[in-house]
Amino acid sequence: MRINLFRYLKWLLSNVTNNINQIAKATNTTGVIYKNEIESMNKQIEKLSKRYEIYIPYFLINQKKVMVFSMAITKIYPIK
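Everything in the sequence shown is counted per this note's numbering, starting at 948 for the first residue and increasing by one.
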């Protein structure tokens, strides 16, 4: 059972990171990142953190990286 949960969480995290990569690629191509894209990333990560309380420390570490990533992009590119 725990292995299945781990695989499911790994799949969910993979989806989040794929979305982040797509946003990063679009941002690097166009030079623009939209506020709703940042909010979407943060909501997905927050949803995972709340849903699986046992894994919160792991996801919070990743969330901090994403937040730093998001803040770095917003300083470089305009938010529309």
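Rather than coming from a laboratory, the hints here were simulated on the basis of the structure.
The reader is advised that the hints may include incorrect statements.
As the list claims (entries may be wrong) - With a Cα cut of at most 27 angstroms, we get these calculated DSSO-like pairs of lysine-lysine:
1. 994 / 982
2. 994 / 972
3. 990 / 972
4. 982 / 972
5. 994 / 957
6. 957 / 990
Do the hints match the structure? See the list:
no. : hint      : verdict
1   : 994 / 982 : holds (18 angstroms)
2   : 994 / 972 : holds (23 angstroms)
3   : 990 / 972 : holds (20 angstroms)
4   : 982 / 972 : holds (16 angstroms)
5   : 994 / 957 : holds (14 angstroms)
6   : 957 / 990 : holds (17 angstroms)
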